[in-house]
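Engineer: Those protein sequences? They're chains E and C, same order as listed.
Start counting the first sequence at 0; every next residue gets the next number (numbering that gives the first Met the number 0).
Start counting the second sequence at 0; every next residue gets the next number (numbering that gives the first Met the number 0).
Any given hint could turn out to be false.
Since the list gives no way to pick out one identical chain from another, each pair is judged satisfied if it fits inside one copy or across any two copies.
What the hints assert, rightly or not - Mimicking SDA-like on lysine to any residue, the simulated pairs with C-alpha atoms at most 20 angstroms apart in a straight line are:
(1) K260 to Q242
(2) K63 to S104
(3) K160 to E309
(4) K162 to S203
(5) K162 to Q56
(6) K162 to S287
(7) K57 to E226
(8) K225 to H239
(9) K125 to R59
(10) K160 to G218
(11) K243 to E226
(12) K260 to N98
(13) K125 to P291
(14) K314 to E7
(15) K314 to G36
(16) K225 to A249
(17) K225 to S147
(18) K128 to F268
(19) K4 to L313
(20) K88 to S65
(21) K121 to S214
(22) K160 to S214
If you're looking for bench data, these hints aren't it; they were derived computationally from the structure.
Being a predicted model, the structure only gives us computed values, none of them experimental.
Number of protein chains: 2
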Amino acid sequence: MAANKITELFNINYPIVQGGMVWTSGWRLAAAVSNAGGLGVIGAGSMYPELLREHIQKFRKTSKKSFGVNVPLLYPHSEAIMEVIIEEKVPIVFSSAGNPKVWTSSLQQHGIKVAHVVSSVKFALKAEKAGVDAIVTEGFEAGGHNGSTESTTLTLIPVVKQKISVPLIAAGGIATGRGMLAAMTLGADGVQIGSRFVTSNEASSHHNFKEMVVSSEEGDTMLTLKELGCVRLLKNDFYHQIQKLYSEKASLAEVENFLGKGRLRKGIFEGDLKEGKLEIGQISALISEIKPAAEIINEIIEEFNDTSSEVAALKF
Amino acid sequence: MAANKITELFNINYPIVQGGMVWTSGWRLAAAVSNAGGLGVIGAGSMYPELLREHIQKFRKTSKKSFGVNVPLLYPHSEAIMEVIIEEKVPIVFSSAGNPKVWTSSLQQHGIKVAHVVSSVKFALKAEKAGVDAIVTEGFEAGGHNGSTESTTLTLIPVVKQKISVPLIAAGGIATGRGMLAAMTLGADGVQIGSRFVTSNEASSHHNFKEMVVSSEEGDTMLTLKELGCVRLLKNDFYHQIQKLYSEKASLAEVENFLGKGRLRKGIFEGDLKEGKLEIGQISALISEIKPAAEIINEIIEEFNDTSSEVAALKF
């Protein structure tokens, strides 16, 4: 088995990071992924600090492998979350949505590796300057929060790669072995996969949501709420109501008022497909089955290896 | 040298199609590309029928190789353009922006191969049903006209590939050998490259525009005018004036009135970087030099071959 920058940095078998997704990535999914040779990541963005501690401890009872915790830095409890992470000696933190300068070096002083998620060259340079151990580039096709430059994975990998020297993990639009190989062909050292793991048996997302993801088709997601942080959503009733407000030239306050609170929990965790906020990536169009995370990883690696042999024959 | 579906279909050495771009792709660029082993394409979208005839005849004085003509089907002169194409025995037509049923079979009856450009699975299925010889999938990152589903190349290639059986040419976000290999890893049989050839010596686009393209960076293009057909543009004064109209909640008529006519010619052909409409792809951020089209092709193929050897070693 080949080693590379990401497998060595994170002490894993395959350079596949499972995205730390709200209401989806608890200890159960993270442990299944880590036990199968990838890097499981617990998504702290939908957890109070003490719940995160419980997830970390349950992970450790289920897996002896390496794992990470994803922390959106602008999340109100991020300071208390970081304290739990340090106390529990979590090996790797994926930080996103915030300034990487604030936490990177103090986490590293505790022996924690830090990867930061970016959507543009500008933020990649900031992250490298903050001293992160790896950078995750998240393209326009990714689900959930998204960047304002709208750069796609195909564009973002090579332009960021040109400017940074730390390892690069590509995210956005990757769900298969072919997608993983394409990203590495463009210069990525590894990949972060989100949507595909939403449809794993171990994901804590609601079955209704998983079913909607596997039955979705090309064109069924769209980036919206651009002035409120930009998110990619499945086009359900909730999405269409937002578009109606825009077409009526509603004010920002009216849109915010309509959104209210708890829409992600309602959609992803409680399975309310009409009123919930259903964050998912474009590549959901390619995902057709709910299955165990270990099978997903095995399929991806098998397709990756088969395709790399196939590609070797391509010469002009 | 390997043969594949696209090199055989178009009778060329490399499965690289040069995008037929308005005010950019005349006989000079098309002949340079075809002579270097790719498929040169004359862009009829900015030509009156008799000017197209002149370009076809000049191409033939400069190259004995295969070539194509790109025809936006909604263009007012498309019928007269097709007559010229049939009379001049053009071997290949790339149709876009319109219904592929209207022209495909009558062109094929004259021995002309037809490829149709699509931006979604829905249009790919329509094109296959119309009997086209190949389908060009154009992702969200592509310059100029663009689709409403906003699917990126990374998403679009595999989802279209799953549903069609005719050869697939990937466009949008491809400018290098690595990009070409990534597209073929995802299932494409060949690639269409636009932006990179805008910055060739032989492109008829203005030098000012070429200079702006090579100096542009990640985040410098954006998709806009969504209710008027969707185009990706460099963010110049003209672009910012459009955004100002949107932020003032201008009516569609006000936006159309501001656009006026002749903006593409002004920007791309006359080099007015402030008032012109500057269509270009996201991947312009990766392009840094103006050089001969033949050198571009050689560089792409060399990088493609080197990378396919490199990728062969990737196994987990």
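Engineer: For every hint, state whether the structure bears it out.
Structural biologist: Each hint, compared with the structure:
1. K260 to Q242: The answer is within: 18 angstroms in one copy meets 20 angstroms, while 30 angstroms across copies does not.
2. K63 to S104: Neither, since 26 angstroms and 63 angstroms both go past 20 angstroms.
3. K160 to E309: between (25 angstroms within a copy, 17 angstroms between copies)
4. K162 to S203: The answer is neither: 37 angstroms in one copy and 31 angstroms across copies each exceed 20 angstroms.
5. K162 to Q56: Classified as neither: same-chain Cα gap 38 angstroms, cross-chain 45 angstroms, threshold 20 angstroms.
6. K162 to S287: For K162 and S287, the Cα distance is within 20 angstroms only across copies (14 angstroms; inside one copy 37 angstroms).
7. K57 to E226: neither (38 angstroms within a copy, 50 angstroms between copies)
8. K225 to H239: both (15 angstroms within a copy, 17 angstroms between copies)
9. K125 to R59: Neither: 33 angstroms inside a copy, 52 angstroms across copies.
10. K160 to G218: Intra 29 angstroms, inter 15 angstroms, cutoff 20 angstroms: inter-copy only.
11. K243 to E226: Close inside one copy (16 angstroms) and across copies (15 angstroms); limit 20 angstroms.
12. K260 to N98: neither (24 angstroms within a copy, 44 angstroms between copies)
13. K125 to P291: neither (37 angstroms within a copy, 36 angstroms between copies)
14. K314 to E7: Answer is between; shortest inter-copy Cα gap is 15 angstroms, intra-copy 31 angstroms.
15. K314 to G36: Between copies only: 14 angstroms across, 32 angstroms inside.
16. K225 to A249: both (14 angstroms within a copy, 18 angstroms between copies)
17. K225 to S147: Close inside one copy (8 angstroms) and across copies (17 angstroms); limit 20 angstroms.
18. K128 to F268: neither (37 angstroms within a copy, 41 angstroms between copies)
19. K4 to L313: between (26 angstroms within a copy, 13 angstroms between copies)
20. K88 to S65: This pair counts as within: shortest intra-copy Cα distance 11 angstroms, inter-copy 64 angstroms.
21. K121 to S214: between (36 angstroms within a copy, 16 angstroms between copies)
22. K160 to S214: between (35 angstroms within a copy, 18 angstroms between copies)
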